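Peer 1: Sequence:
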Amino acid sequence: MSRDRAVLERAIERGEREGGSVEFKERLSKDLHAADGRFESLAAQLRHRVLSGDGEATYVVGVTDDGGIAGIDPDTFSESMDVLSLLAEEAGAHIEDVQTWSADERGGIVGVAEIREGTVLTDDEHIVVGTAGHVDHGKSTLVGSLVTGQADDGQGGTRSYLDVQPHEVERGLSADLSYGVYGFDDDGPVRMDNPDRKTDRARVVEESDRLVSFVDTVGHEPWLRTTIRGIVGQKLDYGLLTVAADDGPTKTTREHLGILLATDLPTMVAITKTDLVDDDRLAEVEREVERLLRDAEKTPLPVERHGVDAAVEEISETVVPILRTSAVEEVGLDQLDELFERLPKTETAADGQFKMYVDRSYKVTGVGAVASGTIKSGRVEAGDELLLGPMADGNFREVEVRSIEMHYHRVDEAQAGRIVGIALKGVREADVERGMVLLPRKADPDPVREFEAEVMVLNHPTRIGDGYEPVVHLETVSEAAAFYPEGGRLLPGDKGTARVRFKFRPYSIEEGQRFVFREGRSKGVGTVTDITGVE
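Take any residue in the sequence shown, count from 1 to its spot, add 6: that is its number in this note's numbering.
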């Protein structure tokens with residue numbers, strides 16, 4: 007007997023022992039089980055199961071009434087989960103977790119859905135913080151200590167809670183974006199007990215009245231484009247730049263700070279590893295950071311001298327708080343907690359048209375294609391009909407929202423600022439690409455291959471002329487593009503107008519969007535001013 011089948015049968019046996027809180031279903035269909043009369047009866051049954059289990063219930067789907075393994079095809083399983091989600095909502099509950107197993111050689115699926123009483127978090131108190139900083143300056147370690155409340159072991163142990171690839175854990179370097187979350191309720195911080203268990207992240211989302219999500223970017227120079235994607239491509243509220251006290255600001259520190267500030271993101275600086283230096287060295291590094299900020303025409307605000315109240319009131323595009331921290335000795339973590347609990351949500355567009363740029367995609371057994379990203383504006387619900395694209399040929403594809411997850415917590419709806427995974431019906435995972443956008447079905451989007459922009463050259467060894475081809479980072483788009491400056495050239499420090507043309511394919515962009523462009527040591531920023539050049 008295969009390992010998967012053994013695990014599945016143990017789950018069914020557990021369900022049979024627990025009795026009243028467990029329900030077996032072979033399948034659930036919209037036409038039959040979501041129809042009037044039957045729907046109310048099934049919702050009442052689910053409510054009974056939840057009450058019998060002291061607020062929790064288990065639904066095993068793909069089995070017969072007596073617990074025999076039947077197995078259903080992936081599309082039928084997805085439809086069953088959609089109906090179960092509607093039943094849970096009607097009964098004042100929600101699906102917290104779903105696990106699936108292969109039931110037979112034909113590809114049949116059996117799934118176990120854990121259902122919990124209570125509605126999901128729908129408040130607006132959710133801020134998203136993007137981290138940046140040089141490799142080994144303690145970004146991931148600091149975030150790991152914040153989300154767990156645990157002191158680091160001095161070897162970066164808490165950073166392992168964020169890294170998702172085995173080679174990252176082994177080498178101690180992040181090579182892609184990773185995510186962390188913690189929250190607050192009336193009693194203070196709500197942290198993760200075991201961040202390696204996805205249900206623990208779901209618990210934080212459910213129990214918190216206010217959420218803080220971290221988009222942890224990459225510190226190593228070869229992956230700078232991934233860092234830019236994390237800063238430009240997510241709907242961030244604040245930036246958190248780390249500078250190690252034993253190393254001080256580096257070239258990469260300056261580059262990351264420039265990207266944060268160029269995108270007008272309110273930013274704070276955490277001087278990390280203060281346990282490794284004496285007071286004189288710490289004061290010296292703080293002065294270096296202050297000079298760095300003043301050179302960028304920003305006002306430093308040392309929290310050590312001015313307090314958290316001043317940081318909360320003054321943080322802006324021009325004022326940058328500076329904190330002293332140590333994940334080992336837990337210095338400054340209370341101040342960061344207070345900051346994140348009190349900092350206001352920046353401007354949102356929850357009432358506008360739904361829009362989400364795809365940051366990554368993956369496939370889930372029994373669910374299908376999932377598009378992940380940060381909702382830029384509006385809100386989305388399970389069952390919504392959307393457009394996805396543009397595809398390489400400029401067309402948009404009609405898709406339907408199967409389900410939505412936020413930090414492994416299944417939700418019925420989500421709004422601007424949320425980092426979510428949206429399961430899509432009507433498209434293969436292979437056809438979902440980073441840089442695509444999800445929009446309402448009623449939208450009439452145009453694919454944009456060429457646009458006009460106001461640009462500023464931050465650094466370049468010579469001059470930018472016609473045909474210059476950097477990589478443009480706009481929302482989650484990272485694409486080579488040809489620049490054609492007005493007047494034929496732009497020098498370092500120049501501001502001017504340029505025509506920009508994506509090299510390989512069109513994207514969905516709009517006037518007013520800011521972007522970063524980079525090629526080798528050259529970099530600059532820009533703002534889209536006209537999108538008349540459409541395909």
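Just so you know, the hints here were simulated from the structure itself, not pulled from any lab data.
Treat each hint with caution, since some may be false.
For lysine-lysine, the following BS3-like pairs were computed, each having C-alpha atoms within a straight-line distance of at most 25 Å [to be verified]: (1) 351 / 36; (2) 257 / 304; (3) 351 / 304.
Pair ranges (Cβ atoms, derived) [unchecked claim]: (4) 536 / 287: 15 to 25 Å; (5) 300 / 468: 27 to 37 Å; (6) 350 / 287: 18 to 28 Å; (7) 50 / 322: 27 to 37 Å; (8) 191 / 81: 31 to 41 Å; (9) 270 / 294: 35 to 45 Å; (10) 398 / 518: 45 to 55 Å; (11) 485 / 358: 19 to 29 Å; (12) 324 / 449: 33 to 43 Å; (13) 287 / 449: 53 to 63 Å; (14) 510 / 96: 40 to 50 Å; (15) 358 / 436: 26 to 36 Å.
Predicted model, so just to flag it, every value in this text is computed and none were measured.
Cβ coordinates follow ideal geometry from the N, Cα and C atoms, glycine included.
Peer 1: Now tell me, hint by hint, if it's right for this structure.
Peer 2: Results of checking the hints against the structure:
1. Of the pairs offered as hints, the one joining residue 351 and residue 36 is violated, with about 38 Å between alpha carbons and a cut-off of 25 Å exceeded.
2. Restraint check for residue 257 and residue 304: the C-alpha separation of about 18 Å stays at or below 25 Å, so the hint holds.
3. Between residue 351 and residue 304 the alpha-carbon distance is near 21 Å, which keeps this suggested pair within the 25 Å criterion.
4. For the hinted restraint 15 to 25 Å between residue 536 and residue 287, the CB-CB distance of approximately 51 Å leaves it violated.
5. For residue 300 and residue 468, the Cβ-Cβ distance of about 29 Å falls inside the hinted range of 27 to 37 Å, so the restraint holds.
6. Judged by the Cβ atoms, the range 18 to 28 Å given for residue 350 and residue 287 is violated: they are separated by roughly 35 Å.
7. A beta carbon spacing of about 53 Å between residue 50 and residue 322 contradicts the range 27 to 37 Å that was offered as a hint.
8. A hinted range of 31 to 41 Å for the beta carbons of residue 191 and residue 81 is consistent with their spacing of about 39 Å.
9. In this structure the supplied range 35 to 45 Å is violated for residue 270 paired with residue 294, their Cβ-Cβ distance being about 24 Å.
10. Take residue 398 and residue 518: their Cβ atoms lie about 26 Å apart, and the range 45 to 55 Å is violated.
11. For residue 485 and residue 358, the Cβ-Cβ distance of about 25 Å falls inside the hinted range of 19 to 29 Å, so the restraint holds.
12. Hint check: residue 324 to residue 449, Cβ distance near 36 Å, so the stated range 33 to 43 Å holds.
13. The supplied range of 53 to 63 Å is met by residue 287 and residue 449, whose beta-carbon atoms lie about 55 Å from each other.
14. At about 47 Å, the CB distance of residue 510 to residue 96 agrees with the hint of 40 to 50 Å.
15. Remark: the range hint 26 to 36 Å for residue 358 to residue 436 is upheld by a beta-carbon distance near 31 Å.
Against the hints set out earlier in the document, violations occur for numbers 1, 4, 6, 7, 9 and 10.
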